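Going line by line, the protein sequences match chains A and B.
The letter at position 187 of the first sequence is residue 365 when you use this note's numbering, and the numbering goes up by one with no holes.
The letter at position 109 of the second sequence is residue 287 when you use this note's numbering, and the numbering goes up by one with no holes.
This list has only true hints and no planted wrong ones.
Repeated chains share a single entry, so a pair holds when one copy, or any two copies, can fit it.
Result set (EDC-like, lysine to aspartate or glutamate): computed pairs, CA atoms no more than 16 Å apart in a straight line: (1) Lys340 x Glu317; (2) Lys231 x Glu247; (3) Lys337 x Glu317; (4) Lys212 x Glu227; (5) Lys212 x Asp236.
Honestly, the hints are just simulated from the structure, not real lab data.
In this text the structure is predicted, and so the values were computed from the model without any measurement.
Protein chains: 2
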Amino acid sequence: MSYSVTVQELIDQLGRLPGIGPKSAQRVAFYLLKAPPEDALRLSRAIAEAKEKVSFCDRCFNLSEGGEECAICRDPRRESRLLCVVEDSQDIVAVERTQEFRGRYHVLQGAFSPIDGIGVDQLRVKELMTRVGEEDVEEVIVATNPNLEGEATAALLVKYLKPMGVRVTRLASGLPVGGDLEYADELTLGRALEGRQLLDAGDD
Amino acid sequence: MSYSVTVQELIDQLGRLPGIGPKSAQRVAFYLLKAPPEDALRLSRAIAEAKEKVSFCDRCFNLSEGGEECAICRDPRRESRLLCVVEDSQDIVAVERTQEFRGRYHVLQGAFSPIDGIGVDQLRVKELMTRVGEEDVEEVIVATNPNLEGEATAALLVKYLKPMGVRVTRLASGLPVGGDLEYADELTLGRALEGRQLLDAGDD
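Isolated chain A (complex conformation):
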């Protein structure tokens, strides 16, 4: 005996999700089979509804609901001279949480990683260049992740954007606030040294 077609299809579909292996897929499937119908159907509906309502913004490729442009692109109070480039929509939520940024965004929908088949053409780089050419962008803040792919993406963007006469900046790397020097890895500490800033006594 193995599982019925219906149960196997559920396990298979769950197993395709990222971070869910065959064992977890089976556990989740049985959880759903045992759960009250309304709970399981709420998940089923949430997926269907999200696919129906949520799409990507025509301009910045952030998630957008009920319209062609996302809420940030439609907001006239947002400064269009500042453009923050991120890898994914999730990163916008992280930057917004700082309440330090009032500009606009551009979502690349990934990071440069030729080994995974993600080249410039798979990212929204062409669209970024069009925006920089057409909108009155003065500064592009590259907020890709501080890892190998993110750094490669940043290097690539500088190469493309510099000739267009726009200022290209990168988020600072260094010690996380509340962190401990003793436990910092050597790369982070190296970056923190490299990017050290002058302390101002305040009275000169």
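The hints should help you fit chain B onto chain A, whose structure is shown.
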């Protein structure tokens, strides 16, 4: 900015699944949002379909599809004098894979664990006793997991079933086949010693 209601609902529903924390829920949600609609909707449908078609067997509480009794209970070639008691439907698949068992099953739908609020009343113990009383069961093989909860469940079942005059057995504990004595934990090795079996030279 945080996520829209639709996206947040998707993240919340995914986060309720076992083994999926808030970060994984977010990653899975964004995977689904980015996936081709047909892929995401296949998962949505698989859940809805499973909840619609799959129920629990009236007799043994195994998963059952398209009927009140499961395929094993309906199979007349199954010996009803042997009853294998397991914690979950998944365990039936594991036992069936051995091709060593031709009896019937009874799924407890959990294991005795008062600390998690699972007492005798939450398990299908009453139904098991009714079956043992009504069907011509000669032996109940307790195949609960060899862990704390499984052992507690086994002890409980013996207490209830012995007075009914039925033979109650337990799966053997010991060294896994292909395992290494050196790496066996002391409990398993202790069990293997305790349950040691006489070697037969074959000629006496």
